[in-house]
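**Student:** With the sequences and hints as input, model every part of the structure.
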Amino acid sequence: MRPILEKQALEKQVPEKKIAYSGFAIEPIWLIMAVVTMGWTYTMLHLLNLNHDVGYGNFGPGMGIFDVFNTYLKDNSYLFLANLPICTTFDEMWTIYSGLSAFSMWFSMVLAMMVPSLLPFLMSKRPVAKSVWGFLFGYLAVWALCCVVGVSLQYLLYAGGYLNNQMVITSHWFSAVIFFTIGIYQFTQVKAAACINRKRVIDRALNSSSGHGMAWKYGTQYGMTCVKGCCPLMLSMFAFGLMNIVAMAGLTILMYIETNSSFVERHTRYIGITAIVLGVFSLFFNLGSI
Numbered sequence: 000m001r002p003i004l005e006k007q008a009l010e011k012q013v014p015e016k017k018i019a020y021s022g023f024a025i026e027p028i029w030l031i032m033a034v035v036t037m038g039w040t041y042t043m044l045h046l047l048n049l050n051h052d053v054g055y056g057n058f059g060p061g062m063g064i065f066d067v068f069n070t071y072l073k074d075n076s077y078l079f080l081a082n083l084p085i086c087t088t089f090d091e092m093w094t095i096y097s098g099l100s101a102f103s104m105w106f107s108m109v110l111a112m113m114v115p116s117l118l119p120f121l122m123s124k125r126p127v128a129k130s131v132w133g134f135l136f137g138y139l140a141v142w143a144l145c146c147v148v149g150v151s152l153q154y155l156l157y158a159g160g161y162l163n164n165q166m167v168i169t170s171h172w173f174s175a176v177i178f179f180t181i182g183i184y185q186f187t188q189v190k191a192a193a194c195i196n197r198k199r200v201i202d203r204a205l206n207s208s209s210g211h212g213m214a215w216k217y218g219t220q221y222g223m224t225c226v227k228g229c230c231p232l233m234l235s236m237f238a239f240g241l242m243n244i245v246a247m248a249g250l251t252i253l254m255y256i257e258t259n260s261s262f263v264e265r266h267t268r269y270i271g272i273t274a275i276v277l278g279v280f281s282l283f284f285n286l287g288s289i
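Each residue of the sequence shown is one higher than the last, beginning at 0 in numbering that gives the first Met the number 0.
Please note that the accuracy of each hint is not assured.
Label-pair distances were calculated between CB atoms; the ranges are [unchecked claim]: (1) 256 x 66: 23 to 31 Å; (2) 151 x 187: 36 to 44 Å; (3) 94 x 198: 37 to 45 Å; (4) 187 x 66: 38 to 46 Å; (5) 33 x 189: 28 to 36 Å; (6) 282 x 202: 21 to 29 Å; (7) 199 x 95: 38 to 46 Å.
Here are the simulated DSS-like cross-link-like pairs (lysine-lysine), alpha carbons at most 27 Å apart as the crow flies [what the hints assert, rightly or not]: (8) 227 x 198; (9) 227 x 216; (10) 216 x 198.
Everything labelled a hint here was simulated from the structure, so no lab data went into it. Source: prediction; values computed, not measured. For glycine and all other residues, C-beta sits at the position ideal for the given N, C-alpha and C.
**Tutor:** Given below as structure tokens:
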């Protein structure tokens, strides 16, 4: 009887937040922090590479606050950036290399902006289908496909003259169309269904005791619901500027709240109203010049 009691006591001492995988255990928070840090770091490298002799204010509204550092960022110590696979859009005839570089830019934005919303889920005390790795890879695989769409839109807009070298929309009416589309979408049944399905997938994943294959399945399902719910918001970066880290930070907070809030419908409407207001503002002013 005593050995059984000792075994039960040892089982209770095992931290519930650690997820076993291939013989070792990890804390989900460290995995998420590492992935998010990679996303923000690579995004900053893109920004530094594209700055050259122009001010940061040319990269979108709010970015002018970084011009104070412009003198330091022009030093020769940053010349190593020229040898990195950083996206540039100075040539209408893109190559495979420039396309992959653009994809890396979009994917780094996903890591920086979308992965933080997973934190409350992955930090749950209950196991996430035994493998946080499988869930995360499935989730990112879906967003990788979305990045391909983003790269295609980026190329078409640049080739059509709607996107400048700082990757900001040059037409104020086109920015207005983007914001109006986002605002209207926030009130649609498709958006509402995406929010509901997102919660259902989370509940199924939390209550699952299956292996890594099911973790991948739940990750892809959750990724698809997030794409339906958040991808239109990501497209607002065309209006704000693809390298606008101020807008990236703001959208990251909005999507985190919308994804994990108990009042999803209310936050969705607030975001929709804000987008419509920005659309009206864009009819008269170019956000890229602010």
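**Student:** Take the C-alpha atoms of residue 227 and residue 216, compute the straight-line distance between them, and say whether it is at most 27 Å.
**Tutor:** Given pair residue 227, residue 216 holds - Cα atoms ~17 Å apart, limit 27 Å.
**Student:** Between the beta carbons of residue 282 and residue 202, is the distance compatible with 21 to 29 Å?
**Tutor:** With a Cβ separation near 42 Å, residue 282 and residue 202 fall outside 21 to 29 Å, so the hint is violated.
**Student:** Quick check on a hinted range of 38 to 46 Å for residue 199 and residue 95, using CB atoms only.
**Tutor:** Holds - the Cβ-Cβ distance for residue 199 and residue 95, about 40 Å, lies within 38 to 46 Å.
**Student:** I want to verify a distance hint. Is the separation of the beta carbons of residue 33 and residue 189 within 28 to 36 Å?
**Tutor:** 33 Å, holds
**Student:** Are residue 256 and residue 66 spaced within 23 to 31 Å by their CB atoms?
**Tutor:** Holds, at about 30 Å.
**Student:** Would the hint linking residue 227 and residue 198 be met if the CA-CA limit is 27 Å?
**Tutor:** 13 Å, holds
**Student:** Would the pair residue 216 and residue 198 pass a check requiring their Cα atoms to be no farther apart than 27 Å?
**Tutor:** Within the cut-off at roughly 15 Å; holds.
**Student:** Cβ-Cβ distance between residue 151 and residue 187: within 36 to 44 Å?
**Tutor:** Taking Cβ atoms as reference, residue 151 and residue 187 lie about 23 Å apart, which means the hint is violated.
**Student:** Are residue 94 and residue 198 spaced within 37 to 45 Å by their CB atoms?
**Tutor:** 43 Å, holds
**Student:** Could you tell me whether the CB distance from residue 187 to residue 66 stays inside 38 to 46 Å?
**Tutor:** Once the Cβ atoms are compared, 39 Å apart, the range 38 to 46 Å for residue 66 and residue 187 holds.
Of the numbered hints listed earlier, those contradicted by the structure are 2 and 6.
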